[in-house]
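Number of protein chains: 2
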Amino acid sequence: MTEIPPPLNPPDRLLCGPGPSNVSPAVLAAMQRPLLGHMDPDLADILLEVVALLRGVYRARTGIVLALQATGTSGMETGLAHLLEPGDTAIVGVNGYFGRRIVEIAGRLGAKIVAIESDWGYAVPNDRLLDCVDAHPDARLVAVVHAETSTGVEHPLAELGAALRGRDVLLMADCVTSLGGVELDVDGWGIDYAYSCTQKCLGAPPGMAPVAVSDRALERIAARRAPVPYSFDLGLLEAYWATRPAAYHHTAPVLHIYALHEALREVAAEGLAPRWSRHGEAAAALRDGLAARGLELLAEPEHQLAPLTAVRVPDGVDARRVQTRLRREHGIEIGGGLGPSAPAMWRIGLMGYNAQATVAARVLEALDAVL
Amino acid sequence: MTEIPPPLNPPDRLLCGPGPSNVSPAVLAAMQRPLLGHMDPDLADILLEVVALLRGVYRARTGIVLALQATGTSGMETGLAHLLEPGDTAIVGVNGYFGRRIVEIAGRLGAKIVAIESDWGYAVPNDRLLDCVDAHPDARLVAVVHAETSTGVEHPLAELGAALRGRDVLLMADCVTSLGGVELDVDGWGIDYAYSCTQKCLGAPPGMAPVAVSDRALERIAARRAPVPYSFDLGLLEAYWATRPAAYHHTAPVLHIYALHEALREVAAEGLAPRWSRHGEAAAALRDGLAARGLELLAEPEHQLAPLTAVRVPDGVDARRVQTRLRREHGIEIGGGLGPSAPAMWRIGLMGYNAQATVAARVLEALDAVL
Chain A
1 MTEIPPPLNP PDRLLCGPGP SNVSPAVLAA MQRPLLGHMD PDLADILLEV VALLRGVYRA
61 RTGIVLALQA TGTSGMETGL AHLLEPGDTA IVGVNGYFGR RIVEIAGRLG AKIVAIESDW
121 GYAVPNDRLL DCVDAHPDAR LVAVVHAETS TGVEHPLAEL GAALRGRDVL LMADCVTSLG
181 GVELDVDGWG IDYAYSCTQK CLGAPPGMAP VAVSDRALER IAARRAPVPY SFDLGLLEAY
241 WATRPAAYHH TAPVLHIYAL HEALREVAAE GLAPRWSRHG EAAAALRDGL AARGLELLAE
301 PEHQLAPLTA VRVPDGVDAR RVQTRLRREH GIEIGGGLGP SAPAMWRIGL MGYNAQATVA
361 ARVLEALDAV L
Chain B
1001 MTEIPPPLNP PDRLLCGPGP SNVSPAVLAA MQRPLLGHMD PDLADILLEV VALLRGVYRA
1061 RTGIVLALQA TGTSGMETGL AHLLEPGDTA IVGVNGYFGR RIVEIAGRLG AKIVAIESDW
1121 GYAVPNDRLL DCVDAHPDAR LVAVVHAETS TGVEHPLAEL GAALRGRDVL LMADCVTSLG
1181 GVELDVDGWG IDYAYSCTQK CLGAPPGMAP VAVSDRALER IAARRAPVPY SFDLGLLEAY
1241 WATRPAAYHH TAPVLHIYAL HEALREVAAE GLAPRWSRHG EAAAALRDGL AARGLELLAE
1301 PEHQLAPLTA VRVPDGVDAR RVQTRLRREH GIEIGGGLGP SAPAMWRIGL MGYNAQATVA
1361 ARVLEALDAV L
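Those protein sequence lines, which keep their order, are chains A and B.
Here the first sequence stands for residues 1 to 371, numbered as in the numbering used here.
Here the second sequence stands for residues 1001 to 1371, numbered as in the numbering used here.
Think of the hints as simulated: they come from the structure by calculation, not from any bench.
Glycine is no exception: its CB is placed at the ideal position from the N, C-alpha and C atoms.
Watch out, some of these pointers could steer you wrong.
Sample of chain B residues facing chain A (criterion: CB under 7 Å; computed from the structure) [unchecked claim]:
# : residue
1 : T1062
2 : R1108
3 : G1207
Sample of chain B residues with no beta-carbon within 10 Å of chain A, all distances over it, derived [what the hints assert, rightly or not]:
# : residue
4 : V1114
5 : S1277
6 : R1278
7 : D1288
8 : R1293
Sequences are here, hints too, so could you generate the full structure?
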């Protein structure tokens, strides 16, 4: 006999860590709507609306845009598994945990990796990436982390895309903590593969990984010799998400699609530029408050990401104990450093629904009470 | 500017196709509970409860048991990608769409496949599988579909497991439409890798893929030369799901975990044997009603699966038009044949919350009105 636990009764949390973030009541309510089957024509219409809305947020008019039923990490892996074949050379910008993860996954796929590293808190200079492209004319892919969630550093992606224009190498960007929170322009910047998640700046619960794939990347994929993973085969996924009549591939996570649809409606209603500004203003309020308290940030100021701010832990302070007290005494989650090699830090996220100066103020007040 | 669609307003559906199935009000309510972060100690406790409950449903006391944030197909792919290396021989029982999918995925992974085929509606005889094991002593894996969702055929899995006991070859079973609906005993039957989904007999919404991995399979995985996919690396997933303190690997789909927790509580409260009986009784009521109407089934009677019944379309009847009218005029979804090579059929699922004789009666009444 299995012992039966009581029904769940999780406490309220203000989620100001690296994500997930709290979702709006309307997004939560959307998940209570009647469940449709994955091949229902009414769901097929909803999928097309989600694709159109996602195209707006990614600013990707062509190519494939859809949401994987998967983690952001699967979004990363799907891109690498489509754009690289064993023996291909990939140039990877590494300045934190997620750049290292790209290296790890590309390595498992049999790629030759040239990692261009910067210290935690610093952007990977585009000049060094471009020199590397010159030095490795056979490189098939340049991969960078647009928003390094482990450090709060934003990569100057527009400039990198412009500098790579006309080159044969593809550009992949980790947009997990940037999509919907900071400026991003897949078409305009020439990004060939972008991936993100639903639970950060888009304001939906964790559960899906929106991706955008350029026409140029699709040509590369069509010319592959090695097969791609079946359950993330972008061609088969497109035949379900966007070709009509839809071809069966998998059973879609219907309630998460409802949630994403509502979250994307909110993004579209707010407008991209106002939404980016809101994230920027909330982050500025947080930074001002932290500075007033003498707390230092990890990221170099010119590349500070808005949705996530990494704060250095003052000498003599037990970082984890502060997090525990914030959670237990104030119902607030903030993150710590990610991985054993990370410097001591707290990571404060103001994303999606929580990207508000009033939320920043709540976090600062709680920090005052605990520190 | 992206055009903003109105809020979703999907119609009510009685979901009696191949899944998803309707979920109980308590499962839906669980998804409205406060969102926790993926590294919250309170969520870590919930994950352990889900694992314990899943062990009970799979009857898997040892090895790894957890739920992937993924489709059932990713559950299939994860197993094949862990248990096979390029060049390995796999024996696959194929009697429908999902057996073919195993062949497709194993082929993409570079395995040599020996497919033992039966016609749609017939089980793959265990004798033929065992003869094949004798003929291929180098085979690393035997894979069968316990419940072939495309035909409604149940594989005699207990007998296969017993016959393979003591052999060096591993046994993998597709339990997508069996877990929680028909007898299954991972430990007792010697299954090394089982995968399923949440949206069928377990009674949760679509979104996760519970898997069970035997200790013997874990030894095989530990001895691999080729790497496994990072985002479904079972060792890394176990370090998040069941090792404490939990090691970060991905952001868990928290609301789906709440739903799965509640659905598994319902399974445990009902008891496995009564739940299997309920699925059997609902299916018997459906079969009796179909027979009284002169409708024939696809599956051979001795291997008819309870949760899903495939019905042959009578001559001269437009199968798709019947499905459309059931959906539009009666709010009932049933499935059609899966894939271009399937015989003309309807697939009627009575799974989880919908495995009730009263639901069977509603489907039969609607069929009377439409046929």
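Against the structure, the hints come out as follows:
| no. | hint | verdict |
| --- | --- | --- |
| 1 | T1062 | 15 Å, violated |
| 2 | R1108 | 4 Å, holds |
| 3 | G1207 | 4 Å, holds |
| 4 | V1114 | 19 Å, holds |
| 5 | S1277 | 17 Å, holds |
| 6 | R1278 | 18 Å, holds |
| 7 | D1288 | 25 Å, holds |
| 8 | R1293 | 24 Å, holds |
Checked against the numbered hints given earlier, this structure breaks only hint 1.
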